[in-house]
Structures are given as C-alpha cells and as structure tokens.
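Please build the complete structure, drawing on both the sequences and the hints.
Sequential numbering from 0 applies to the sequence shown in numbering that gives the first Met the number 0.
One or more hints might be untrue.
[What the hints assert, rightly or not] Pairwise CB distance ranges (calculated):
no.: 1; residue 1: A62; residue 2: A147; range: 14 to 22 Å
no.: 2; residue 1: G63; residue 2: Q13; range: 19 to 27 Å
no.: 3; residue 1: G119; residue 2: P10; range: 32 to 40 Å
no.: 4; residue 1: R112; residue 2: E46; range: 23 to 31 Å
no.: 5; residue 1: T64; residue 2: N107; range: 24 to 32 Å
no.: 6; residue 1: G93; residue 2: Q13; range: 24 to 32 Å
no.: 7; residue 1: R55; residue 2: A113; range: 17 to 25 Å
no.: 8; residue 1: G134; residue 2: T1; range: 36 to 44 Å
no.: 9; residue 1: L6; residue 2: E78; range: 28 to 36 Å
no.: 10; residue 1: E52; residue 2: N107; range: 20 to 28 Å
no.: 11; residue 1: I105; residue 2: R65; range: 25 to 33 Å
No lab work stands behind these hints, which were simulated from the structure alone. Everything numeric in this text was worked out from a predicted model, so none of it was measured. C-beta: ideal position from N, C-alpha, C; glycine also.
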Amino acid sequence: MTYAYKLIDSPVGQLKLVAKGECLAAILWEHDKPERVRLGEMSEANELAVLVETARQLHEYFAGTREAFDLPLDFQGTEFQKQVWRALLTIPFGQTRSYSEIAQQIGNVNAVRAVGAANGRNPISIVAPCHRVIGASGDLTGFAGGLANKMLLLSLEAGQTSLEAAADHAQRQASERGAAQAVKHDAPAKPAHRQPSRGTQGSLFGS
Numbered sequence: 000m001t002y003a004y005k006l007i008d009s010p011v012g013q014l015k016l017v018a019k020g021e022c023l024a025a026i027l028w029e030h031d032k033p034e035r036v037r038l039g040e041m042s043e044a045n046e047l048a049v050l051v052e053t054a055r056q057l058h059e060y061f062a063g064t065r066e067a068f069d070l071p072l073d074f075q076g077t078e079f080q081k082q083v084w085r086a087l088l089t090i091p092f093g094q095t096r097s098y099s100e101i102a103q104q105i106g107n108v109n110a111v112r113a114v115g116a117a118n119g120r121n122p123i124s125i126v127a128p129c130h131r132v133i134g135a136s137g138d139l140t141g142f143a144g145g146l147a148n149k150m151l152l153l154s155l156e157a158g159q160t161s162l163e164a165a166a167d168h169a170q171r172q173a174s175e176r177g178a179a180q181a182v183k184h185d186a187p188a189k190p191a192h193r194q195p196s197r198g199t200q201g202s203l204f205g206s
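Okay, here's the thing in structure tokens:
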C-alpha cells in the first residue's frame, strides 16, 4: 500500500506526517535518518482526514492546550518493537520512564538494550512519546529528533505556560548542562558509582 504524507511546520522543525490508509503510521523529524523508519512509497496528500486531524492535535499540543492524542495508529515494526511502542503510549503527560522500567512493563527485564533500540526506531514520534524515556540516572540519552528538541518537549510538558517559555527553559537547561560537563571534564576523576533510580513517577524536572 502506498503511504500518504503531509508536511507541517512546528516549533521542533518541519514534521512529516505519514498515513497508511486511514491510520497514522509515522511522524518523522526534519533531519530523520532515512534508514531509521522504513516505509513504502509515498505520495503527498495534504487534505487526507487523518493527517489534517494529526496536524490539528499537534498544534494544540504545542500551544499547551492538549495533553493526550486521540488518533488511529498503525505501527509498522516487529512484534517486540510494537510492544515497546505501545508501552510508550501509557506514559502520562509530564512524566518519564527509564528503559529498564519499560522492559519490566513489557515483561522482559533483560531486554533493556533492545528496548532502547526499539525506542530509537519509534515511527510515531511525539504521539507515541519516546521523548519521555530517559536514562536510569536521569540523563536524556539519545533522541532521533535531537536532544534540544527532546528537552524542549519535556520542558513544555513540565508545566511551562507557553512554548516560548519552554524554549527558554530548554535553552537554560542546555547551558547549565554544558557548564556542568565542562566542570566535570576539568575535575579529577572519581571512582564510578551507580546512581539510584528516580522511580516510575519521577519527572526529569522533579514533578
């Protein structure tokens, strides 16, 4: 089946909304790697109902007036990947989970690395909130849309009153993390140690 797509501008760059039939199959980043999400042949369809509705709900999300999406989804991947992606849909707005917590949720505690790989190939970005999955120590870790966008999305969900405020918050956080990394780089090396988990209800911003 041919996929249909619609391009929209957003605060995190241009997004490609992709439909398969009447369902949303992907939301791809502006600089997405071609091999990250493998789909079939595509044709532009700006007026397709599911894509128009997806665009509307995304605009509401970025405006701070929507916390949950209500869209028909069609994940394209292996059964394990689909398990991980369905688990992403259960992470509440404004909260985060670690890779190990997702592995526990799907009943495969030894699959932390595989969960990370599946999370990185999540085709329906933002709607299936892979940006809410962070390292056990609280680190943001990798993100297909870029760490700056991941931080912006988490800032927006942390209760910022506007997208502009979220962007300012994200920029400050990035500057602080950069300064902390510089200090850490200059400091004498210390023995490695494990940091405790922040818990399933932990938010990156302490809520």
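Measuring from beta carbon to beta carbon, are L6 and E78 in 28 to 36 Å?
31 Å, holds
Is 25 to 33 Å right for how far apart the beta carbons of I105 and R65 are?
At roughly 27 Å between Cβ atoms, R65 and I105 fall inside 25 to 33 Å, so the hint holds.
Cβ distance range 24 to 32 Å for T64 and N107, holds or violated
Between T64 and N107, where Cβ atoms are some 37 Å apart, the hint is violated.
CB of A62 to CB of A147, is that within 14 to 22 Å?
Roughly 20 Å apart at Cβ, these two residues keep to the hinted range, so it holds.
Are G134 and T1 spaced within 36 to 44 Å by their CB atoms?
At 38 Å between Cβs, range holds.
Given the hint of 24 to 32 Å, check if G93 and Q13 actually sit that far apart at their C-beta atoms.
At 26 Å between Cβs, range holds.
Note whether the CB distance of R55 and A113 lies within 17 to 25 Å or breaks it.
35 Å, violated
Is the distance from the Cβ of G119 to the Cβ of P10 consistent with 32 to 40 Å?
22 Å, violated
Are E52 and N107 spaced within 20 to 28 Å by their CB atoms?
Violated: the Cβ-Cβ distance is about 34 Å, outside 20 to 28 Å.
Do R112 and E46 keep their Cβ atoms within the hinted range of 23 to 31 Å?
42 Å, violated
How does the Cβ-Cβ distance of G63 and Q13 compare with 19 to 27 Å: does it lie in that range?
21 Å, holds
Hints 3, 4, 5, 7 and 10 from the earlier list are contradicted by this structure; the remaining hints agree with it.
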